[in-house]
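Construct the complete structure from the given sequences, taking the supplied hints into account.
Chains W and Z, in that order, give the protein sequences.
This note's numbering puts the last residue of the first sequence at 270; the count rises by one with no breaks.
This note's numbering puts the last residue of the second sequence at 393; the count rises by one with no breaks.
One or more of the hints may lead you astray.
[What the hints assert, rightly or not] Subject to a maximum C-alpha distance of 30 Å in a straight line, what follows is the list of computed DSSO-like cross-link-like pairs (lysine-lysine): (1) W/K75 x Z/K197; (2) W/K87 x W/K211; (3) W/K193 x W/K23; (4) Z/K197 x W/K211; (5) W/K198 x W/K75; (6) W/K75 x W/K23; (7) W/K87 x W/K23; (8) W/K87 x Z/K197; (9) W/K198 x Z/K197; (10) W/K75 x W/K193; (11) W/K211 x W/K75; (12) W/K193 x Z/K197; (13) W/K211 x W/K198; (14) W/K75 x W/K87.
Everything labelled a hint here was simulated from the structure, so no lab data went into it.
Small disclaimer: the values here were computed from a predicted structure and weren't measured.
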Amino acid sequence: MSVGLLFDATRCIACGACSAACKEQNNLPLPIEPTLTAYTWTVVRERQGVNIRSLCMHCLEPTCVSVCPVGALVKTARGPVVYDAAKCIGCRYCIMACPFGVPKYQWDRAIPIVGKCILCRERVEAGMPTACASACPTGATLFGEREALVREARSRIHGRPDLYVDHIFGLEEVGGTSVLMLSSAPFEGLGFKNPLPKHPLPMLTWQALSKIPDLVLMAGVLLYGIHWITARREYVRAVAAREVSPGPAAALSGWLRSVWRRLSGRVERP
Amino acid sequence: MNHTATLGVRLSRVGFWQAVFGLLLLGMGGVTVVRYMRGLGATTNLSDAFPWGLWIGFDVLCGVGLAAGAFTLTAVVHLFNLRRFEPIVRPAVLTAFLGYLLVIAGLLFDLGQPWRIWHALVFWNPRSVMFEVAWCVMLYTAVLALECLPVVFERFRLERPRRLFRLLTTPLVIVGVILSTLHQSSLGSLYLIVPLKLHPLWYTPLLPLLFFISAVGAGIGMVILESYLSQRAFGRHLEMELLEPLARVMVVVLGVYGLLRIQVLLRNGGIAELRHLGYEGSMFALELGLGTVLPVLLLAFARVRTSPKGLVTGAFLVVLGFVMNRLNVSVTGMEAAAGVRYVPSGMEILVSLGLVGLGFAAFSLAARYLPIFPEKRPRPGARGEDLLGPVED
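This is the structure in C-alpha cells:
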C-alpha cells in the first residue's frame with residue numbers, strides 16, 4: 001500500500017507551519033522563500049482567494065523518474081519520489097520535464113544538486129506522517145494511505161458540494177499522483193498547467209524509445225543488405241571485365257553449374 | 001606585383017582571424033574559471049523556469065545535427081557504392097568528429113557536475129531519452145575516431161595497420177549510420193516529454209523523425225559550405241561536379257521535411273497561430289520560409305545549383321534554417337510556458353563562439369598536416385578502397 005497526502009485548501013490558513021517544519025526536517029537553510037526553490041520544498045501561495053500548497057505531487061508514474069539518465073530519481077514502493085544526489089550529473093532534464101515544475105536547481109553553487117520534496121521518506125518508512133502533515137494546525141494537510149485519502153476526499157466533496165469543486169486533483173492527472181488536493185475554486189486558476197493529460201507523460205517518450213531494438217536490427221540488416229548487393233555488383237563487373245579472377249569457391253560453383261546444365265539437358269545453344 | 005598584393009591580403013586576413021581566435025580563447029578561459037568556481041547561476045541566464053539554454057540549444061542540438069554529413073556520405077560511398085563522392089568523405093568525417101568533441105566540451109560547461117559525465121556508463125535508466133543520447137554521443141564519437149584513423153595511418157605510412165583496418169570499414173560504417181539515426185532522432189525525442197511546455201508550432205509526436213530528416217539535409221548543407229570554406233582558406237577548387245548532385249539530394253530531403261512540417265501545422269491547428277504572427281508565429285515563419293522553403297525553391301533551379309554562388313547561398317540558408325529550428329524548439333517554443341524570456345548571457349555566447357572557433361582551428365590544423373583533401377594524399381593511382389580513402393597497392 002502506498003501513502004500520500006490530502007491537502008484541503010478550504011482548511012488552509014496559510015500559517016506556513018508546513019514550510020517551517022519541512023525546512024527543519026530536511027535541514028534546509030532559512031529563509032522560507034515565496035516560491036519553490038532548491039532550498040524551499042513547499043510553500044503556500046494565495047491564488048484567487050484560495051490558499052494552495054506547492055510541493056512535489058509524487059506522481060504514480062513520475063516524469064522525472066523516467067527522464068533521469070542515471071536513475072537518480074526513483075519512485076519508492078511506499079510512495080515517495082526520492083532523489084539520490086550522489087548519482088545526479090546535473091543535466092536538469094527533470095526540471096525541464098516535470099509537468100508541475102517541482103524539481104529546482106542550486107544555481108548559486110559550484111557543486112549543485114536538485115532540491116525537491118521527498119515526502120519525508122525516512123519518517124514515512126518508519127511509520128510516521130510527513131513533517132508538514134504533523135505540523136499542520138488545522139488538518140489541511142492529511143497524511144495516510146492513498147486509497148483512504150481518496151475515500152476521504154470523495155466524502156468531503158459529497159458532504160459539502162457547495163464548498164468544493166467536484167474535482168480531486170491528483171486522482172487522474174498525468175496518471176494519478178500520491179498527493180491529492182481539494183479546493184473551492186477550479187484548479188485551472190490555481191497555477192497548474194491546463195489541461196493536464198490523464199495519461200502518464202513517460203508514455204510519450206517510451207513510444208519512441210521502445211522502437212529502438214527493432215530499428216537497430218532492421219537497419220542493420222537493411223544496410224548490410226545494401227552493401228552486399230552493391231559489393232556483389234562491383235565484383236561481378238570486375239570478373240566480367242577480367243580485372244579480377246573469381247575466387248576458388250566461385251570458380252568451383254561456376255563449374256558445377258555448367259556440369260548440372262549439361263547433365264539436365266539445359267545447355268544453352270548459341 | 002598584383003600577386004604579392006593578394007598574398008598580403010590573405011596573410012593579413014589570416015592574422016585577423018588568428019587574433020579573433022586568440023581573444024575568444026582568452027575570454028573562454030575566463031568564463032571557464034567563473035563557471036567552475038561560482039557555478040551556472042553566475043555564468044548563465046538559466047533559471048529554474050528556464051533550465052536549458054544556448055549551450056543545449058546551439059552547442060549540443062546544432063553541433064550534433066551539423067555533423068550528420070558524415071554518416072550520410074559514408075553511407076553513400078561505402079554502402080550505396082557511389083565511389084565518385086569519395087573525395088569529400090574525409091572532410092565530412094573529420095568535421096563530424098570535431099563536432100562531437102565540441103559537443104562533449106559544451107556538455108562539460110553545461111552539466112551541473114561535469115566530472116560525473118561517466119555516470120551514464122554505470123547507472124542505467126533505459127527509459128530515459130537522455131540515457132540514449134548519452135550512449136549515442138559516447139559510441140558515435142568512438143566510431144568517428146576510428147573512422148578518422150586511416151588518415152593518421154596514411155600520414156605516417158603505417159601500411160599494415162591500414163590494411164587490417166580495411167576489414168572494419170563496412171561494420172564501422174553500418175554501426176555509424178545506425179548510431180547517427182538513433183542520435184539525431186533522439187534529440188527530437190527529448191522534447192516529446194514536454195507537450196505542455198513546447199509551443200504547438202513545434203510540438204508534434206513526429207519530432208524524432210523531423211529532427212532526423214532535417215539533420216540529413218543540414219548535414220549535406222554543411223558539406224557544401226565546408227567545401228566552400230576550405231576552397232577559400234586553402235585555395236582549393238570547388239568540386240561542383242560532386243556538390244551539385246548532393247544539392248539535388250538536399251532539395252528532395254528538405255522538400256519531404258517541409259511537407260511534413262506543413263502537414264503537422266495543418267493537423268494540430270498551429271496554422272491559426274500564423275494568422276496574427278505573434279512572437280512564436282513570426283519566428284516559425286522565418287525559420288520555415290527562409291531556412292526551408294526558400295533554399296528548396298532556389299536549388300530546384302539547375303541554374304542556381306550549378307553556379308558556385310547559388311549553391312553556396314542555398315547551402316548557407318539550409319544550415320541557417322537548421323540552427324533556427326533547433327533554437328526555436330529549445331528556446332523560442334519554450335518561453336511562453338516558462339513565463340520568462342530567455343536571452344543568453346555574454347558568457348554563454350562567448351563559450352559557444354569559442355567552441356566554434358576551436359572547431360575551425362582544429363579543422364584547419366588537421367587539413368594542413370593530415371591527408372584530408374585528395375590532393376594531399378601521398379601517391380595517386382589508387383586501387384581498392386578503405387574507409388576514408390583509396391588504398392594504394
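If any of the earlier hints don't hold here, list their numbers in rising order.
Going through the list in order, the structure violates no hint and respects every one.
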